[in-house]
Amino acid sequence: MAQEDIDLIKAVTTQDPPLVKVELVNNFFDICRSMSLWPMTFGLACCAIEMMAVGMARFDIARYGAEVFRPSPRQCDLMIVAGTVSKKMAPCLVQLYEQMPAPRYVMALGNCAISGGPFYFEDQYGIVEGVDRLVPVDVYVPGCPPRPEGLLEGLFKIQEKMTGRRWWPMPKQGEAV
Amino acid sequence: MNIPPELIHISIALAAIAAFIGLNGLVLVYLERKVAGFIQRRPGPYEVGPWGLLQPVADAVKLVGKQLVRPKVADPWLYWAAPLLSFTPIFLLFLVIPFGPTLTGMEFNYGLLLILAFTGLNVLALCLAGWSSANKYSLLGAARSVAQSIAYEIPLLLAVLAIAFQFGTLNLTEMVHQQGQWPWQWNIMFQPLAFVIYFLCAIAETNRAPFDLPEAESELTAGFHTEYSGMAFGLFFLAEYAYIIVVSCVAVVLFLGGWQGPGAPGFWWFLLKVYALILVIIWIRWTYPRVRFDQLLNINWKWLLPLALVNLLLTLIFVKI
Chain A
1 MAQEDIDLIK AVTTQDPPLV KVELVNNFFD ICRSMSLWPM TFGLACCAIE MMAVGMARFD
61 IARYGAEVFR PSPRQCDLMI VAGTVSKKMA PCLVQLYEQM PAPRYVMALG NCAISGGPFY
121 FEDQYGIVEG VDRLVPVDVY VPGCPPRPEG LLEGLFKIQE KMTGRRWWPM PKQGEAV
Chain B
1 MNIPPELIHI SIALAAIAAF IGLNGLVLVY LERKVAGFIQ RRPGPYEVGP WGLLQPVADA
61 VKLVGKQLVR PKVADPWLYW AAPLLSFTPI FLLFLVIPFG PTLTGMEFNY GLLLILAFTG
121 LNVLALCLAG WSSANKYSLL GAARSVAQSI AYEIPLLLAV LAIAFQFGTL NLTEMVHQQG
181 QWPWQWNIMF QPLAFVIYFL CAIAETNRAP FDLPEAESEL TAGFHTEYSG MAFGLFFLAE
241 YAYIIVVSCV AVVLFLGGWQ GPGAPGFWWF LLKVYALILV IIWIRWTYPR VRFDQLLNIN
301 WKWLLPLALV NLLLTLIFVK I
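Just so you know, the protein sequences line up as chains A and B, in that order.
Letter 45 of the first sequence, counting from 1, is numbered 45 in our numbering, and no numbers are missing.
Letter 172 of the second sequence, counting from 1, is numbered 172 in our numbering, and no numbers are missing.
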């Protein structure tokens, strides 16, 4: 069922051009940004439980400097869409995204945020089938829900996307990051 | 050209203070996150630089590189003035603090009075920030901040007044000179109640948990700095940490013997005591849950204020005898 949703309004993504255009400076800024991605305190469904687990003692996203969950979108860099986006929630999500200041990144966490997941069936009427219909998504983390290691790997992928290199060693089979 | 030596002295002191504030901001961000991690059995920042030492640098650079947003309906002048107003008085506060026997920005007979007067400016800045943001959460946060700061300033001033009567001076250097080298000669032995009152009020004045109601994220998003992004938010953050250092410095001067210490007195004792106090403040933040607003005001008006009055009375009787 790939019909276009006419009642969904996409986020405005226009950005001011950067003030400084020296490549070295920009690279430096990008590395610093990737090392302190502050996520938003924003959970929609069960994937948010995994997002909370990733901040706790066993997985500890703080090791990579991303544990500062800011309550205000003005101070966030990363929006983790953790869960099912209903059509009622879509305008709020778009508004939150638009309120974030410029270098901003979106992670779609879990199958619901990627494509609607288990709610993707004929004649469903209440669910947005993929958050990329609303906001541009940087990294998709599949799973239902993804394990906390998956979220960490998604964070590394965003860091890789920002700086052009992977910073942390690849995990061995069956080993935690 | 005839430049008075006082002026050169103060200029050098201001430059040193600026460096000190910036460095301390970095150290305290790292310390806070690391201590939070250890208290919750996590390693805390670990991978960015050795043991995560470069973490605060990355945060600072990121905040500088972030877009500055002003809401359309916000008052442009007041909105940008608020973070500056919160940050600039700090230089004056550090100017009179005696770090060592001769390590003072400015010898001033009314040093304590100056510190108490200019810490009050922070409330005004938070109030302006909340009002000019044109955001309901900011405004509520600002209102709470004003109520809390004004309430807690009274027992704080009464506790400090008792100390001033006891020493008979407002000069901070002179106060340290009146205390001895050994811990039992420090003022905390004679004024334990005043120290407890001062410490509680200082935590409340700097909006630290468990008294961080102006920025309670479960109710008020982020309180007065909800609308601030990038370095404007960074300035509020830096100011908060600087005020924590200031209240710790004053506590050390008034109660813990300043730079006096067993063995060799010097600024190292002063810094050691200040950082010990800051660690206690961080420890309290990550241990206790936030109080409700009625509890917050009840603690102040029903306990701290009467206790501070009793303490003042007792001190006056002892001074008279």
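These aren't lab readings, by the way, just hints derived from the structure by calculation.
As the structure is a prediction and not an experimental result, all values here were calculated from the model.
Glycine included, each C-beta is placed from N, C-alpha and C at the ideal position.
Check the hints yourself; a few may be wrong.
To be verified - Just some of the chain A residues that point at chain B, by a computed CB distance under 10 Å:
no.	residue
1	THR13
2	THR14
3	GLN15
4	ALA62
5	ARG74
6	PRO101
7	GLN124
8	TYR125
9	VAL137
10	GLU153
What the hints assert, rightly or not - Here are the in silico distance ranges between beta carbons for each label pair:
no.	chain 1	residue 1	chain 2	residue 2	range
11	A	VAL12	B	GLU107	53 to 63 Å
12	A	PRO142	B	GLN67	52 to 62 Å
13	A	GLU122	B	LEU297	25 to 35 Å
14	A	PHE121	B	ASP75	22 to 32 Å
Hints versus structure:
1. THR13: Result: violated, 13 Å to nearest chain B Cβ.
2. THR14: violated, 12 Å
3. GLN15: holds, 8 Å
4. ALA62: For ALA62 of chain A, the interface hint holds, since the closest Cβ of chain B sits about 5 Å away, which is under 10 Å.
5. ARG74: holds, 4 Å
6. PRO101: holds, 4 Å
7. GLN124: Because about 32 Å separates GLN124 of chain A from the closest Cβ in chain B, which is outside the 10 Å limit, the hint is violated.
8. TYR125: Interface hint status for TYR125 of chain A: violated (32 Å vs cutoff 10 Å).
9. VAL137: violated, 20 Å
10. GLU153: Not OK, violated: GLU153 of chain A not within 10 Å of chain B, min 14 Å.
11. A:VAL12 with B:GLU107: 53 to 63 Å: holds, 57 Å
12. A:PRO142 with B:GLN67: 52 to 62 Å: Hint violated: Cβ distance 31 Å, outside 52 to 62 Å.
13. A:GLU122 with B:LEU297: 25 to 35 Å: Violated, since GLU122 of chain A and LEU297 of chain B (Cβ atoms, about 58 Å apart) do not stay within the stated range.
14. A:PHE121 with B:ASP75: 22 to 32 Å: Because 51 Å falls outside the window, the suggested range is violated.
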